Amino acid sequence: MKPSMKFFSSILLLAGLLSAPAWAAKTYEIDKDHSSVSFKIRHLVSNVNGSFNEFSGKIAVDDKKPENSSVEFTVMADSINTANKKRDEHLRSGDFFDADKFKEITFKSKKVKAIGKNKYQVEGDLTLHGVTQPVTVKVDYLGETKDPWGNTKSGFKTEFKVARKSYGMVWNKALDAGSLMLGDEVNLTVDVEATEKK
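Read left to right, the sequence shown gives residues 1305 to 1502 (our numbering).
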């Protein structure tokens, strides 16, 4: 190889090394059959519970440098399920999720920080009802194991609250006693079992 060609090849190799990630994260895909996205909201004097049946997501985990980790999560709004057909139809309507127009609820992380053993703080953007707001959630890492087929599985869990009015979901009904039928805060729980991509 001529000296000029050798020098050019060395430059290309160096450029490739510099542009390649300096970390090797494990990438996981959410196993929907063994995961859940659930919520509860105050109704009168108790709570109504529900869930979303359709969701997907990817998690990249760097054990040595958690700050290089990331999360992307998508929930289909029309998959809401509170075990009451009439109520679910109302929740899909323009009074709440307007699911025909705003089909997806998404979360995309912007920053991950370790805050303790198997505990992480994740900052990102939550898009709901066409409105994007920054949120910070705490995530518990539940461990890793192999399933009977040799796949590596990891578990994650987060619980957090969102104010539905800040996402433009303002429907409510005043009661004779002066209070409102529904609360503003929605308590969300995401339990994830994820499969490492080979």
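None of these hints come from the bench; they were simulated from the model.
Small disclaimer: the values here were computed from a predicted structure and weren't measured.
Be aware that a few hints might be false.
[As the list claims (entries may be wrong)] With a straight-line Cα cutoff of 35 angstroms, these simulated DSBU-like cross-link-like pairs (lysine-lysine) come out:
(1) Lys1407 with Lys1417
(2) Lys1330 with Lys1414
(3) Lys1330 with Lys1368
(4) Lys1336 with Lys1368
(5) Lys1423 with Lys1477
(6) Lys1415 with Lys1477
(7) Lys1450 with Lys1461
(8) Lys1389 with Lys1502
(9) Lys1450 with Lys1421
(10) Lys1502 with Lys1457
(11) Lys1461 with Lys1417
(12) Lys1469 with Lys1417
(13) Lys1390 with Lys1330
(14) Lys1417 with Lys1442
(15) Lys1457 with Lys1501
(16) Lys1330 with Lys1362
(17) Lys1390 with Lys1501
(18) Lys1457 with Lys1417
(19) Lys1407 with Lys1501
(20) Lys1421 with Lys1501
(21) Lys1336 with Lys1412
(22) Lys1502 with Lys1450
(23) Lys1405 with Lys1461
(24) Lys1412 with Lys1450
Against the structure, the hints:
1. Lys1407 with Lys1417: holds, 30 angstroms
2. Lys1330 with Lys1414: Cα-Cα ~18 angstroms, so holds.
3. Lys1330 with Lys1368: holds, 11 angstroms
4. Lys1336 with Lys1368: Holds, because 27 angstroms separates the two Cα atoms, which is no more than 35 angstroms.
5. Lys1423 with Lys1477: violated, 39 angstroms
6. Lys1415 with Lys1477: Distance of about 38 angstroms is beyond 35 angstroms: violated.
7. Lys1450 with Lys1461: Holds. Lys1450 to Lys1461 sits at ~19 angstroms (cutoff 35 angstroms).
8. Lys1389 with Lys1502: violated, 40 angstroms
9. Lys1450 with Lys1421: holds, 21 angstroms
10. Lys1502 with Lys1457: holds, 12 angstroms
11. Lys1461 with Lys1417: holds, 15 angstroms
12. Lys1469 with Lys1417: holds, 28 angstroms
13. Lys1390 with Lys1330: Cα-Cα ~42 angstroms, so violated.
14. Lys1417 with Lys1442: holds, 10 angstroms
15. Lys1457 with Lys1501: holds, 10 angstroms
16. Lys1330 with Lys1362: Satisfied, since the Cα-Cα distance of roughly 10 angstroms is no more than 35 angstroms.
17. Lys1390 with Lys1501: violated, 40 angstroms
18. Lys1457 with Lys1417: holds, 22 angstroms
19. Lys1407 with Lys1501: holds, 27 angstroms
20. Lys1421 with Lys1501: Holds, at about 24 angstroms.
21. Lys1336 with Lys1412: holds, 18 angstroms
22. Lys1502 with Lys1450: holds, 13 angstroms
23. Lys1405 with Lys1461: holds, 29 angstroms
24. Lys1412 with Lys1450: holds, 27 angstroms
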